[in-house]
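A.B. asks: Each chain, letter by letter, is given below.
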Amino acid sequence: AQSVTQLGSHVSVSEGALVLLRCNYSSSVPPYLFWYVQYPNQGLQLLLKYTSAATLVKGINGFEAEFKKSETSFHLTKPSAHMSDAAEYFCAVSAGGSQGNLIFGKGTKLSVKP
Amino acid sequence: DAGVIQSPRHEVTEMGQEVTLRCKPISGHNSLFWYRQTMMRGLELLIYFNNNVPIDDSGMPEDRFSAKMPNASFSTLKIQPSEPRDSAVYFCASSSPGLGVYGYTFGSGTRLTVV
Chain L
2 AQSVTQLGSH
12 VSVSEGALVL
22 LRCNYSSSVP
32 PYLFWYVQYP
42 NQGLQLLLKY
52 TSAATLVKGI
62 NGFEAEFKKS
72 ETSFHLTKPS
82 AHMSDAAEYF
92 CAVSAGGSQG
102 NLIFGKGTKL
112 SVKP
Chain H
175 DAGVIQSPRH
185 EVTEMGQEVT
195 LRCKPISGHN
205 SLFWYRQTMM
215 RGLELLIYFN
225 NNVPIDDSGM
235 PEDRFSAKMP
245 NASFSTLKIQ
255 PSEPRDSAVY
265 FCASSSPGLG
275 VYGYTFGSGT
285 RLTVV
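Same order as they appear, the protein sequences are chains L and H.
Per this note's numbering, the very first residue in the first sequence carries number 2; after that it's consecutive.
Per this note's numbering, the very first residue in the second sequence carries number 175; after that it's consecutive.
Calculated from the structure, these hints are not laboratory results.
For every residue, glycine included, the Cβ atom is placed at its ideal position computed from N, Cα and C.
Accuracy of the hints is not assured; some may be wrong.
[To be verified] Calculated pairs, DSSO-like style, for lysine-lysine (alpha carbon to alpha carbon, straight line, at most 30 Å): (1) H:252 to L:107; (2) L:70 to L:110; (3) L:59 to L:69; (4) H:198 to L:107; (5) L:110 to L:69; (6) L:79 to L:59; (7) L:79 to L:50; (8) L:50 to L:70; (9) L:114 to L:59; (10) L:50 to H:198; (11) H:242 to L:107; (12) L:107 to L:69; (13) L:107 to L:50; (14) L:79 to H:198; (15) H:252 to H:242.
[Claimed, not checked] Residues from chain H shown here face chain L by an in silico Cβ test under 7 Å; the list is partial: (16) 216; (17) 220; (18) 265.
With the hints as extra help, turn the sequences into a complete structure.
C.D. replies: Pasting the structure below:
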């Protein structure tokens with residue numbers, strides 16, 4: 002079975018500061034990992050995904066995430082926050098293949114202060 | 175591709191009325207998911223279909239909720255009768271074969287308000 006834990010339901014950073022959103026996973030098989038972003042009044046959009054290739058994954062809008070098996074983590078980072086990054090971010094895990102449904106975390110709401 | 179299309183975008187209805195939410199998945203995607211999102215409970219999976227067949231409906235809250243997928247290009251989620259606690263944003267998502275690898279594409283959601 003798979004599960005994800007997102008540490009911190011709310012994170013606030015200043016514009017230009019580092020963004021770090023934490024995600025830890027549990028999986029009985031090699032996982033596939035995803036980050037989604039949800040802007041206000043919109044659906045979830047895929048930000049990036051890890052599917053057992055490179056452990057450092059680059060996504061849209063300057064975000065990246067690193068898969069660390071030893072720490073069972075897949076934290077999302079961005080070197081410099083922009084006001085437009087304010088949104089809710091969801092981590093998800095899957096067992097992959099045709100039966101691997103995505104299991105979503107509870108989300109982390111990111112606020113960016115001017 | 176136009177993406178996953180949901181209608182209506184907003185629905186306001188009175189308690190006791192029937193509500194039908196609609197979803198058109200991306201062409202070629204063979205899995206379809208219905209989610210509900212509220213402040214209190216976050217994102218909840220209600221039901222999902224694979225090749226038009228319901229696979230897991232364990233997330234459907236009660237018998238007032240039903241979902242159908244009569245063909246590969248259309249699905250409905252019906253609530254009858256509706257109650258104020260059903261107020262939420264309902265999302266539809268679809269995925270191609272190998273859904274665990276490619277992830278889901280979400281629609282823009284239907285915001286349901288039951289008064």
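A.B. asks: Hint by hint, where does the structure go against what was stated? Just the numbers, ascending.
C.D. replies: Numbers 14 and 17, in rising order.
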